[in-house]
Every structure is written in structure tokens, then in C-alpha cells.
Amino acid sequence: MKEEKENLEEIKKEIAIERLRQAPPSIKVSFGTADGKFMNRDEMIKQIQSDTEIGKKIMKMQLEYLKAFKKEILAGD
Amino acid sequence: MISVVCVLFSRPDDDITLNYLSYFSKELVELSNSSGFKTINKESKKANKKNILSLIKNQCPNLIMFNGHGSPKIICGHKREIIVNSEENPEVLKNSITYSLSCASALVLGPKSVEKGAISFIGYESDFALGKDPESEASPRHDKIAKLFLEPSNILFSSLLNGYNVQTAVEKAKNKMKENIWYLNTTKSFPEAIYYAPFLFGNYLGLVAHGDKNASI
Amino acid sequence: MTNEEDFFKVYSNIPIEERNNVVVVVNKQPISWQLAYQEIKNKTELGKKILKMLGELNII
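Chains as they are written, first to last, in the numbering used here: chain Y, 1 to 77; chain H, 1001 to 1217; chain R, 2001 to 2060.
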């Protein structure tokens, strides 16, 4: 059970990373980190791979976005 | 005696992210001024703890907007100086409607400030993400992507300035976020647009209001 | 509603551009919404794995 849960977490990471890999390397997003810097695609991927707090938040954003279509939050008019 | 509405802005700009927030919130200061409110705008290094807390104490603002870095328990000003801390001074926000454009401060500080007498606290329960046009260098004025992220925030606060209640202001902001997310998903005007959508959606999910949702100025 | 029906219902909400994007990774292979649709529609083994994963992730 614990192993399954860990596996799911690993899959979530992979999904977030693969989704980001599809983006152009130049996209820039800031998450209000201490230095106020904007991160590019590869920096965001590195954060996820390194299991940092920011990486976990980025991963969560990607997964929550995918779930939004099920909840029809983002259905167009 | 007619009391004049007092609006306080804390707008540090000491890094690129805060510079963007400060630039985009400038129109809110102008709106507050043109609405005839007593408008106190503290920007750059004047957005510090000493100034802001003194002004809150002496001017008793009805409405407060914080731009700044933050976390679940804190809101910061210039150079990341902590201005409000849920464990030290959440009561400073009492009798005000506060909008905090900072990461996660609605998670702990928000409800705590309401517990200590704040009328309402509007903010984000997760990190506020800001997308940026890689081609605009550090120029917020030309940044079409940042605009999509910050426009809803401006709609929220301008709605409050225009007398809408907290709930309506938040709904207007969320509707704009949804509209902008749909735009990012469908526009052909720049190819990277769709990749920003999840981050703006994170802001949509994170935006909450604590306290009296019927409150207005 | 079966998982397949759940998927098709969600898929109908996906903007065209998003359909090219990754929705799940199966055996280290990134799968887009579009590819998932094809595999599920054709009732392949991969399609079944995709459905299972999407259910576990609460995406459908």
C-alpha cells in the first residue's frame, strides 16, 4: 500500500516534468521565492526532480490543472 | 460628520517580481485617488514595517492592499521585512478589509487576523504564480503574459474600491482568471501561451476570502 | 458510468491545444490526451492501463 502510494507520487512527478518538457525552454514563472526570480522551464523541472518545496508546488499546480477538466471548472462557454 | 474612506497601499519593488506587482497596481492607487478616498501609498523602501504599522495605527484604513512576499503566516514589505505576522501582530488588521497579493498568507494569517478583528482578509492560500513574457525583458509595460496574471488581481481590488462587497470582488477576479485561462488555452497569438495556464489556474484555486464576505467600504 | 465514459466526458472538455499535452506517464512513456483517447477508444491494453492510472490520479 505504501509502495503504491510512493509509486503514484513518482508518477505525478513524471507527469509534471513531461508536461513542462513540452513547453518552450524560455517560459518564465515566478513563485514568490526569496530572490523574486523568474524560473525558466529547465529550472522548474530541476526543482521537481530535486523534490524541493517549490518543486512540489509546481507539481501540484500541474496535477490540479489536469483534474480541473473533470470538475468542468475550465469548460469554455 | 462624514468620514472619508481611507485606503492604504504597501508596494515594495526591490526585486523583479515585486517590480511587476508594483507597476500593475499603480492604476489602483490612481483609481483610489480619483475616487476621492484618502489614499496613502507607500512604495519602494517606504513600504517598510515602521511606516506601514504606524500608518495603520494612526490612519485606521478601511481598505489595505499589500504587495509583497509572504508565507502562510506572514506578509513582507521592502527587502522582505516582515510587516504582519500571525504569531506576533495579526490584530493590526482589525477593522479593515485587507487584500494581500502575496504567497500563501491567506492560509494562516488570513483566518487569524479575522479572529483578531479584521473585517475580511482576501488573499491566496498557495503560492501566487506570476508568468512573464520572456521577450519583454524586465519591462512590465509590454508584458502581455504578466497582464493576464495580474489583471484579475486589479479587478478584485478595483471592485472593492468601487464599492462591491468582498464576495463579488473575489467572484469578479475568479471569472477573469477563468477567462484568461481559456484565452491561454485557445489563443494562437503566442505559441507558449498554453503552458502558462496551469500556473494561473493555481492562483484561481488559491484565491479565498476570510471573514465577512458581505463587507464593503 | 464506466471509466471509459468518464474519460470521454472529460476529454470533451479539453481545449484543442491541450489535447497535445501530456496527461499521464505509463511505463516511463508520456501519453498525451489525444493518444490516450485513441488507445482507450480502441480498447487496447495500454488504454486499460491509462484508464486505471487516470482513475487513481483522480483525473477522471
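Don't take every hint at face value.
[Stated by the list, open to error] Calculated lysine-lysine pairs in the DSS-like style (CA-CA distance at most 27 Å, straight line):
#1 Lys-1094(H) x Lys-37(Y)
#2 Lys-1172(H) x Lys-67(Y)
#3 Lys-12(Y) x Lys-2041(R)
#4 Lys-46(Y) x Lys-2041(R)
#5 Lys-37(Y) x Lys-1176(H)
#6 Lys-1073(H) x Lys-1144(H)
#7 Lys-60(Y) x Lys-2009(R)
#8 Lys-2028(R) x Lys-70(Y)
#9 Lys-37(Y) x Lys-1079(H)
#10 Lys-57(Y) x Lys-1174(H)
#11 Lys-37(Y) x Lys-1057(H)
#12 Lys-67(Y) x Lys-2052(R)
#13 Lys-1042(H) x Lys-70(Y)
#14 Lys-2009(R) x Lys-1188(H)
#15 Lys-37(Y) x Lys-1178(H)
#16 Lys-1178(H) x Lys-67(Y)
Keep in mind the hints are simulated off the structure, nothing from the lab.
Hints violated by the structure (listed by number, smallest first): 1, 4, 6, 11, 13
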